[in-house]
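There are 2 protein chains.
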Amino acid sequence: MRAAVVDAVLAELSSGGYDALTVEQVATRSGVHKATLYRRWGGVDGLVAEALAHSAEAEWAIPDTGSLADDLRAVTHAVLVGFTDPAYGGAATALISAALRSTQGAQALASFFATRLHDAAAVVTRAVERGELPAGVDAVEVIRTATAPLYFRLFITGEPLDKAIADRAAAAALAATEAGVFTA
Amino acid sequence: MRAAVVDAVLAELSSGGYDALTVEQVATRSGVHKATLYRRWGGVDGLVAEALAHSAEAEWAIPDTGSLADDLRAVTHAVLVGFTDPAYGGAATALISAALRSTQGAQALASFFATRLHDAAAVVTRAVERGELPAGVDAVEVIRTATAPLYFRLFITGEPLDKAIADRAAAAALAATEAGVFTA
Chain A
1 MRAAVVDAVL
11 AELSSGGYDA
21 LTVEQVATRS
31 GVHKATLYRR
41 WGGVDGLVAE
51 ALAHSAEAEW
61 AIPDTGSLAD
71 DLRAVTHAVL
81 VGFTDPAYGG
91 AATALISAAL
101 RSTQGAQALA
111 SFFATRLHDA
121 AAVVTRAVER
131 GELPAGVDAV
141 EVIRTATAPL
151 YFRLFITGEP
161 LDKAIADRAA
171 AAALAATEAG
181 VFTA
Chain L
1 MRAAVVDAVL
11 AELSSGGYDA
21 LTVEQVATRS
31 GVHKATLYRR
41 WGGVDGLVAE
51 ALAHSAEAEW
61 AIPDTGSLAD
71 DLRAVTHAVL
81 VGFTDPAYGG
91 AATALISAAL
101 RSTQGAQALA
111 SFFATRLHDA
121 AAVVTRAVER
131 GELPAGVDAV
141 EVIRTATAPL
151 YFRLFITGEP
161 LDKAIADRAA
171 AAALAATEAG
181 VFTA
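Chains as they are written, first to last, in full-length UniProt numbering: chain A, 1 to 184; chain L, 1 to 184.
Hints were generated in silico from the structure; no laboratory data involved.
Treat the hints with caution; some may be incorrect.
[To be verified] Here are some chain A residues the structure puts well away from chain L; computed CB gaps all over 10 Å: (1) Met1; (2) Leu10; (3) Arg39; (4) Ala53; (5) His54; (6) Trp60; (7) Glu132; (8) Ala173; (9) Ala176.
[Said to hold, decoys possible] Here are the simulated distance ranges between beta carbons: (10) Ala4(L) x Pro134(A): 23 to 31 Å; (11) Ser15(L) x Val128(A): 44 to 52 Å; (12) Ala56(L) x Thr65(A): 35 to 43 Å; (13) Lys163(L) x Gly131(A): 29 to 37 Å; (14) Asp64(A) x Tyr38(L): 24 to 32 Å; (15) Gly42(A) x Lys34(L): 31 to 39 Å; (16) Asp119(A) x Gly17(L): 30 to 38 Å; (17) Ala61(L) x Val128(A): 36 to 44 Å; (18) Gln107(A) x Lys34(L): 32 to 40 Å; (19) Ala122(A) x Glu57(L): 42 to 50 Å; (20) His33(L) x Asp119(A): 37 to 45 Å; (21) Gly16(A) x Gln107(L): 15 to 23 Å; (22) Gly158(L) x Thr125(A): 20 to 28 Å; (23) Tyr38(L) x Thr125(A): 50 to 58 Å.
A virtual CB, placed ideally from N, CA and C, is assigned to each residue, including glycine.
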C-alpha cells in the first residue's frame, strides 16, 4: 500500500505541483481509500513527508571510480540528472519543492538530506582509505560544499543548472578539500 | 505607504510565519485599508513578494578590508548575522521562508538573490583590481559558492549554522578561487 500511495503522490506532484495535490486525487490514483489516507498520514503534508522518507530510502549507486575528483563529479552529476533530467527530474524536484512548502516538511527535508549527504560521503571516506586525503577530513562537509550550489540554484534562486556548473561545483569542493579547509 | 506595509508584513511573518499571515492583519498593523492592499498587491503572496523586493533594495555595507580572504569572511558573516542574529534574523528568515512557500515567490526570490550576489561580487572585482586574482574570474560564482552552504542549511536542511561554519564556507570559496576553479 505504501508504495502505491508514494507513487500516486509523486505522480500528482509531477503533474500539478503542491498547490494541486489533494488527498482525493491520491486516493483515486492509488486505489487506497481516502479515509485510510487521512487516518494514516493525516493529510497532504503527511503524504508529502511519507514520499520524501521513501525517496531517502531509495538505493542509488554511490560512485566508486578510484579517484576523488571523478567521484565528486559523479555525485554532482547525480544531483543534476536526478533533479533536471526529464526522465527523473519532475517528480524529485516537485517533491522537494512540495516539502519546502509544507508545514510538516522541515523534518522530512532534514532527514532526506542527512541520508543523502551521509551516503555520498562514502566517496570521501574511500579517498582517505586510499591515502588520497588525510584522516580527519569532514567527509559530509565536502559533499555539502560540492552539492549546496546546485540545491541553492534548484530550490532557492531558480537559476539554471547544467553539466559545466555541476563540474565546477565538484572542482571547487575538491580544491577546498585539497587545501585542507575541511580537515580538523 | 509602501514602507508601512512592508514593515507590517515583516512583523507579521516574524511573529506567526507564512501560515498565519493574512491581509487583514497587515491592514490592521499598517493602517492601510484592506481593499487598498488587495487592489495593489492582490493578496498575501503579493505582499510577501513586495517585502522581498523592498529587502533586496535595502543598503548593506559591502566589506572592503583590502583582502579577499577577509572580505569573503565578512560576506558569509553578514549572511550568518542577517539570518540568525535575534536582532535581525527573525524577519529575514521568515521572509525567505515565506517566499519559498508562496506561489508568487519564485520570481521575488530570484531577484532578491541576484541583487545580493551581484552586490557582494564587488569584493571579488576589487581583488582583481588589486592584482590578487587574475581577470576573468567569475565573481558572482565565487560569492554563490561561499554563501550557498549557508543558504542550504538555513532554508533547505534546517541544519544549524555558526561562525565556524561561515568561516569555513568563505575559506572553501577562497581556496577554489585561488586554485583557478572560477577563472575562465
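Tested hints:
1. Met1: At roughly 29 Å from the nearest Cβ of chain L, Met1(A) sits farther out than 10 Å, so the non-interface label holds.
2. Leu10: holds, 19 Å
3. Arg39: holds, 23 Å
4. Ala53: holds, 15 Å
5. His54: At about 18 Å from chain L, His54(A) clears the 10 Å cut-off, so the statement holds.
6. Trp60: holds, 18 Å
7. Glu132: holds, 16 Å
8. Ala173: violated, 7 Å
9. Ala176: The claim is violated: Ala176(A) sits with its nearest Cβ about 4 Å from chain L, within 10 Å.
10. Ala4(L) x Pro134(A): 23 to 31 Å: The hinted range 23 to 31 Å is violated for Ala4(L) and Pro134(A), with Cβ atoms some 56 Å apart.
11. Ser15(L) x Val128(A): 44 to 52 Å: holds, 47 Å
12. Ala56(L) x Thr65(A): 35 to 43 Å: For Ala56(L) and Thr65(A) the Cβ distance comes to about 42 Å; the hint holds.
13. Lys163(L) x Gly131(A): 29 to 37 Å: Check passed, 32 Å falls within 29 to 37 Å.
14. Asp64(A) x Tyr38(L): 24 to 32 Å: violated, 57 Å
15. Gly42(A) x Lys34(L): 31 to 39 Å: holds, 33 Å
16. Asp119(A) x Gly17(L): 30 to 38 Å: holds, 32 Å
17. Ala61(L) x Val128(A): 36 to 44 Å: holds, 41 Å
18. Gln107(A) x Lys34(L): 32 to 40 Å: holds, 35 Å
19. Ala122(A) x Glu57(L): 42 to 50 Å: Since Ala122(A) and Glu57(L) have Cβ atoms about 45 Å apart, the given range 42 to 50 Å holds.
20. His33(L) x Asp119(A): 37 to 45 Å: violated, 54 Å
21. Gly16(A) x Gln107(L): 15 to 23 Å: For Gly16(A) and Gln107(L) the Cβ distance comes to about 20 Å; the hint holds.
22. Gly158(L) x Thr125(A): 20 to 28 Å: holds, 25 Å
23. Tyr38(L) x Thr125(A): 50 to 58 Å: Between Tyr38(L) and Thr125(A), where Cβ atoms are some 56 Å apart, the hint holds.
The earlier numbered hints that this structure contradicts are 8, 9, 10, 14 and 20.
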